[in-house]
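Novice: Based on the provided sequences and hints, a complete structural model is requested.
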Amino acid sequence: MDTCADEREMPSVYHYLRQNKKFPTVWCPGCGIGIVLKAIIRAVADLGLDKDKVAMVSGIGCSGRMAAYVDFNTLHTTHGRALSFATGLKLAKPEMKVIVVMGDGDAMAIGGNHFIHTAARNMDIAAIVINNLTYGLTRGQYSPTTPFGSVAATAPYGSIDQPFDICKTAEAAGATFVARSVVTYVLEAEKFIARAIDKKGFSVVEIMSNCHTYFGRSNQKATALQMMNWLKDITVPASAKAEEKAGKLERGIFVDKELPDYLEHYKEVVRKAQEMREKEIHHDHS
Amino acid sequence: MIQGNEACAEGAVAAGLCFFAGYPITPSTEIAEVLSEKLPVLGRTFIQMEDEIASMAAIIGASIGGCKAMTATSGPGFSLMQENIGFACAAEIPCVVVNVQRMGPSTGQPTSPAQGDLMQARWGTHGDHPIIVLYPSSVKEAFNLTVKAFNFSEKYRTPVILLMDEVVAHMREKVDIPAPDKLEIFERVKPTCQPEEYFPFGDAENGVPPLANFGEGYRFHITGLLHDKMGFPTLRADEILAWYERVFRKINSNLEDILLYEDVMIEDAEYAIIACGISARSARAAVRQARAAGKKLGMVKLLTITPFPDKHINEIASKVKNILVPELNFGQLILDVQRAAKGQCEVNGLNRVDGEIITPGQILERMGLKN
Numbered sequence: 000m001d002t003c004a005d006e007r008e009m010p011s012v013y014h015y016l017r018q019n020k021k022f023p024t025v026w027c028p029g030c031g032i033g034i035v036l037k038a039i040i041r042a043v044a045d046l047g048l049d050k051d052k053v054a055m056v057s058g059i060g061c062s063g064r065m066a067a068y069v070d071f072n073t074l075h076t077t078h079g080r081a082l083s084f085a086t087g088l089k090l091a092k093p094e095m096k097v098i099v100v101m102g103d104g105d106a107m108a109i110g111g112n113h114f115i116h117t118a119a120r121n122m123d124i125a126a127i128v129i130n131n132l133t134y135g136l137t138r139g140q141y142s143p144t145t146p147f148g149s150v151a152a153t154a155p156y157g158s159i160d161q162p163f164d165i166c167k168t169a170e171a172a173g174a175t176f177v178a179r180s181v182v183t184y185v186l187e188a189e190k191f192i193a194r195a196i197d198k199k200g201f202s203v204v205e206i207m208s209n210c211h212t213y214f215g216r217s218n219q220k221a222t223a224l225q226m227m228n229w230l231k232d233i234t235v236p237a238s239a240k241a242e243e244k245a246g247k248l249e250r251g252i253f254v255d256k257e258l259p260d261y262l263e264h265y266k267e268v269v270r271k272a273q274e275m276r277e278k279e280i281h282h283d284h285s
Numbered sequence: 000m001i002q003g004n005e006a007c008a009e010g011a012v013a014a015g016l017c018f019f020a021g022y023p024i025t026p027s028t029e030i031a032e033v034l035s036e037k038l039p040v041l042g043r044t045f046i047q048m049e050d051e052i053a054s055m056a057a058i059i060g061a062s063i064g065g066c067k068a069m070t071a072t073s074g075p076g077f078s079l080m081q082e083n084i085g086f087a088c089a090a091e092i093p094c095v096v097v098n099v100q101r102m103g104p105s106t107g108q109p110t111s112p113a114q115g116d117l118m119q120a121r122w123g124t125h126g127d128h129p130i131i132v133l134y135p136s137s138v139k140e141a142f143n144l145t146v147k148a149f150n151f152s153e154k155y156r157t158p159v160i161l162l163m164d165e166v167v168a169h170m171r172e173k174v175d176i177p178a179p180d181k182l183e184i185f186e187r188v189k190p191t192c193q194p195e196e197y198f199p200f201g202d203a204e205n206g207v208p209p210l211a212n213f214g215e216g217y218r219f220h221i222t223g224l225l226h227d228k229m230g231f232p233t234l235r236a237d238e239i240l241a242w243y244e245r246v247f248r249k250i251n252s253n254l255e256d257i258l259l260y261e262d263v264m265i266e267d268a269e270y271a272i273i274a275c276g277i278s279a280r281s282a283r284a285a286v287r288q289a290r291a292a293g294k295k296l297g298m299v300k301l302l303t304i305t306p307f308p309d310k311h312i313n314e315i316a317s318k319v320k321n322i323l324v325p326e327l328n329f330g331q332l333i334l335d336v337q338r339a340a341k342g343q344c345e346v347n348g349l350n351r352v353d354g355e356i357i358t359p360g361q362i363l364e365r366m367g368l369k370n
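For the protein sequence lines, the chains are A and B, in the order given. For what it's worth, numbering that gives the first Met the number 0 labels the leading residue of the first sequence as 0, then goes sequentially. For what it's worth, numbering that gives the first Met the number 0 labels the leading residue of the second sequence as 0, then goes sequentially.
Relax, there's no trap hidden among the hints.
What follows is a list of derived Cβ distance ranges for each label pair:
| no. | chain 1 | residue 1 | chain 2 | residue 2 | range |
| --- | --- | --- | --- | --- | --- |
| 1 | A | L224 | B | S105 | 48 to 54 Å |
| 2 | A | L46 | B | K181 | 44 to 50 Å |
| 3 | B | D50 | A | H264 | 19 to 25 Å |
By construction, these hints were calculated from the structure, which means they are not laboratory data. Built from N, CA and C at the ideal position, the CB exists for glycine as well.
Specialist: So this is what it looks like as structure tokens:
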């Protein structure tokens with residue numbers, strides 16, 4: 000066992016956790032959200048960011064509780080609106096790194112409109128979407144990413160909604176970095192998250208996670224291990240051969256492009272406005 | 000000569016507005032249009048969001064970053080904003096929300112005046128909470144009360160609602176905009192203690208704890224869940240009670256500062272009118288006409304409608320024969336007046352809901368004071 004490696008890294012993780020907040024977390028034993036929390040912390044540590052200059056903004060649901068545990072500037076907002084709160088914060092404090100943590104309900108259902116518009120604006124925010132295919136905090140109702148036919152608390156006969164593809168939605172709306180990983184591939188997830196935080200512009204990282212407690216129990220994957228193995232089974236690296244990809248979700252980086260972010264465009268608006276004002280003043284005086 | 004909506008925008012800029020987020024809606028849109036032109040010149044931020052929910056969220060986020068922030072809307076948008084207004088109440092985040100009222104529920108009649116949102120401004124978001132609601136009756140007051148709205152929001156760490164009437168928003172009147180150094184501007188109190196000693200939701204002498212900006216060394220948690228003095232969610236009854244007691248105390252123990260109203264010939268009045276907004280303009284004309292005819296009519300123009308000046312109205316009720324409450328709805332302001340009057344005199348309503356304003360003649364007739 001590589002407990003030594005684990006011990007070596009502990010101080011750095013502790014450094015980013017709140018010492019005045021009571022642990023354990025609200026999450027079920029074996030929940031994947033804790034893995035995402037650690038991946039985010041390690042990404043921030045890898046980037047060497049100053050905690051004072053990092054904000055974590057979260058929505059509502061199991062993932063929403065993450066903000067309370069980390070020693071950043073943390074804002075636990077209303078359901079689906081985290082990106083809009085984050086937009087205001089980012090524009091007020093452009094020097095801050097703003098990380099938004101959402102669930103699939105936050106990002107694709109109640110906050111779907113904010114998601115596409117924040118992407119279209121290319122707001123410099125890193126959006127981490129923890130996709131556990133269900134509404135976990137309210138005990139397992141079907142969500143916009145629940146696979147067709149899955150049983151849920153509000154779909155006892157199987158869900159008949161077509162699931163959203165978070166990454167394709169983000170790409171179509173204009174996000175400049177889009178990637179997907181699974182909680183079982185921790186280092187990959189960490190790498191994508193670090194890239195998303197570091198990169199200027201709107202970045203989306205979807206991390207597929209296990210809610211064995213609700214989604215799993217209703218769909219023959221009642222333990223964390225069973226559901227994690229299933230997530231591994233239904234996903235495939237983006238680099239895999241076409242025949243291996245059939246019927247599976249891809250993991251990897253789908254978009255990584257450079258475009259001016261909203262603030263850069265807004266600086267130009269300010270420049271134009273001030274130039275026009277100068278001309279007016281000049282005109283009035285002459 | 001400027002419009003009420005323009006005066007509101009000017010007042011906001013004068014008060015130090017540095018972030019506006021909004022979504023177009025009649026009859027408030029001129030506020031956004033004026034600010035979209037002015038704010039960039041000053042290097043401040045204007046953003047048009049995808050809806051009113053996002054607009055309200057964005058101004059809260061900007062305020063947390065240290066900006067004086069505002070949005071402006073009308074009924075349908077105001078309804079959409081309610082959840083996040085509640086967030087600002089719970090998290091005690093300063094911000095200003097302008098609602099230029101339209102007629103009716105739903106889409107209603109967007110270009111007609113009505114005073115139908117008084118109760119929504121007070122109770123629109125769910126759960127018990129304190130809030131401040133200001134109500135101008137002229138273009139000049141639109142300027143002054145917008146400045147006041149910012150001052151109150153920063154001073155008491157609360158959202159402040161500025162309710163406007165459509166006719167005040169679109170009316171053009173002369174306004175002398177005061178020089179910046181002649182305006183009293185309140186700046187947010189920030190903590191001076193060490194970060195580890197900072198309690199963003201702790202008690203303070205006036206009930207208002209200092210508020211640190213995000214990104215400036217005080218790393219803390221903000222949530223819409225009921226929370227302890229550090230900002231962490233709590234289920235403890237003693238901590239929840241302490242929070243509730245404090246947020247109501249910070250408003251209720253500062254009523255002398257917050258309650259704005261204007262008495263007109265009330266000292267010797269035998270009859271009184273209590274009114275706000277455009278209805279107060281008609282009331283003033285009615286008072287003038289009644290006095291010219293030797294009848295002792297007085298009035299109180301309310302500029303703050305929430306909290307309510309119970310004590311003052313109670314005193315008036317003890318002296319006059321009757322009170323009339325003219326309003327462009329089926330009776331909202333009258334409920335507060337009746338409560339404050341405690342049955343000491345007759346309190347009658349004059350309600351108009353056909354898209355026209357109440358005339359001085361209608362007021363005098365209703366009070367039996369017409370010649």
